[in-house]
Amino acid sequence: MTDAERIEVGTELPVRKVTVTRGGLVRYAGASEDFNPVHWNPRVAREAGLPEVIAHGMLTMAIAARTVTDWTGDPGAVVEYRTRFSRPVFVPDTAEGASVEVRGRIAARIDEDHIRVDLVVAAGGTRVLSEARAIVRLTG
Amino acid sequence: MALNPGCVGTTYPPARPYPVEAETIRRFAEAVGDPAPVYTDLRAAKDLGHPAVPAPPTFPFVVAMRAMDEVFSYEDIGFDPTYLIHGEQRFEYTRPVRAGDRLVTTVGITGAKRLRGKDVLSLRADVADEDGEPVVALHMTFVSLSAVEGGGSA
Numbered sequence: 018m019t020d021a022e023r024i025e026v027g028t029e030l031p032v033r034k035v036t037v038t039r040g041g042l043v044r045y046a047g048a049s050e051d052f053n054p055v056h057w058n059p060r061v062a063r064e065a066g067l068p069e070v071i072a073h074g075m076l077t078m079a080i081a082a083r084t085v086t087d088w089t090g091d092p093g094a095v096v097e098y099r100t101r102f103s104r105p106v107f108v109p110d111t112a113e114g115a116s117v118e119v120r121g122r123i124a125a126r127i128d129e130d131h132i133r134v135d136l137v138v139a140a141g142g143t144r145v146l147s148e149a150r151a152i153v154r155l156t157g
Numbered sequence: 039m040a041l042n043p044g045c046v047g048t049t050y051p052p053a054r055p056y057p058v059e060a061e062t063i064r065r066f067a068e069a070v071g072d073p074a075p076v077y078t079d080l081r082a083a084k085d086l087g088h089p090a091v092p093a094p095p096t097f098p099f100v101v102a103m104r105a106m107d108e109v110f111s112y113e114d115i116g117f118d119p120t121y122l123i124h125g126e127q128r129f130e131y132t133r134p135v136r137a138g139d140r141l142v143t144t145v146g147i148t149g150a151k152r153l154r155g156k157d158v159l160s161l162r163a164d165v166a167d168e169d170g171e172p173v174v175a176l177h178m179t180f181v182s183l184s185a186v187e188g189g190g191s192a
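Read top to bottom, the protein sequences are chains A and B.
By my numbering, the letter at position 99 of the first sequence is numbered 116, and the numbering carries on one by one without gaps.
By my numbering, the letter at position 1 of the second sequence is numbered 39, and the numbering carries on one by one without gaps.
Derived from the structure by calculation, the hints contain no laboratory data.
Incorrect hints may appear among the rest.
[Stated by the list, open to error] FRET-style restraints, in silico, Cβ to Cβ: (1) V32/A - P75/B: 20 to 26 Å; (2) R154/B - T28/A: 36 to 42 Å; (3) P75/B - P31/A: 17 to 23 Å; (4) T28/A - P55/B: 37 to 43 Å.
Backbone N, C-alpha and C define an ideal beta-carbon position, used for all residues, glycine too.
The following block holds chain B by itself, in its conformation from the complex:
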């Protein structure tokens, strides 16, 4: 499988909606070691002006990753995600993701190149609520180690 630079500029159909549950947020906050009450206690969230418990700042990646898994199945990209490592990540928040959201993510390819023998893919994921209002935009670069001849250091 070879990375296809022709996919740059392509925007893929929106991923199926991601329903965000309070329990998913609780489990995520626990896994990243953040005990802040705002992630688990509706009253603490409301005291800060949130209508529902917000998710930690990096949670939108989970939503985007589900959408990217759908996109990587499009064969025109030619990107092998087996040994994927993360190169860069940027979040631009309009508001935090919240419990009760049903998020729709649209992924576009912003870059595809070979760098020192490795496939490097850059993507943008726009996460919106069900009404199409923007929630967060993610900009990401991934490196596929599986393209490395005989292995190599990351």
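Just chain A, with the same shape it has in the complex:
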């Protein structure tokens, strides 16, 4: 990240599209030990007032984070990362599952050493995260 052009405010990061399937939710449940049944059991999802099984918010947030860490090349450069979970990602029991689209933009220069990256994360054309942003340290 020594290339000054790469840290120009307004620069768009590569758009990423990620498929989330029921199998992916089970895999994330195992890896994260988050076995909340609303993420894998349609009956429980309905009991909770949801029309469909939903992705773990933290899985969506992790998918979005990769846009930042792919760009920095070093996860250790991320000093803050936050979001609000504005809408659930519904994951139907199909081969296609849900498609999550992540857009990132260098939004602001905070100081000499830090920039802010804003993320727009959507599924099915609906924004699922709001105020998703990371603060990145530019120098070691």
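Starting from the structure of chain A, add chain B where the hints point.
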């Protein structure tokens, strides 16, 4: 079970230490679909100046969640985590979590309210290494759907 606003400001005893293994990090990175070598290859990690493989940025939630499970067992909170959904999440990193860490998490309640008929609980989790050096702080808000009368939309 009713959410008790009196728990706001309470800090609970530290959770039992969480030993972070390289294999746990590998499995997590795979589950979130991130093939970056830094999460699995010690040489790639060292090339970036890490003494051991770091975990992806959202991994600390796994550590904090284990600690929260301990805290939710304290009945004074009165929060039903059965149909928990996540409202907000913020991480403030001092450094990445790394393989070989033994992490100690201390959870405090920062907010408890009813919003549109749902219980909303806010917590802070401070994750430190065994020497007490801070690693990452998490700020979280959760909504309990089980408090919804006759269901409702999330």
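How the hints compare with the structure:
1. V32/A - P75/B: 20 to 26 Å: holds, 23 Å
2. R154/B - T28/A: 36 to 42 Å: Check passed, 39 Å falls within 36 to 42 Å.
3. P75/B - P31/A: 17 to 23 Å: This hint holds: roughly 19 Å between Cβ atoms.
4. T28/A - P55/B: 37 to 43 Å: holds, 41 Å
In this structure, every one of the numbered hints holds.
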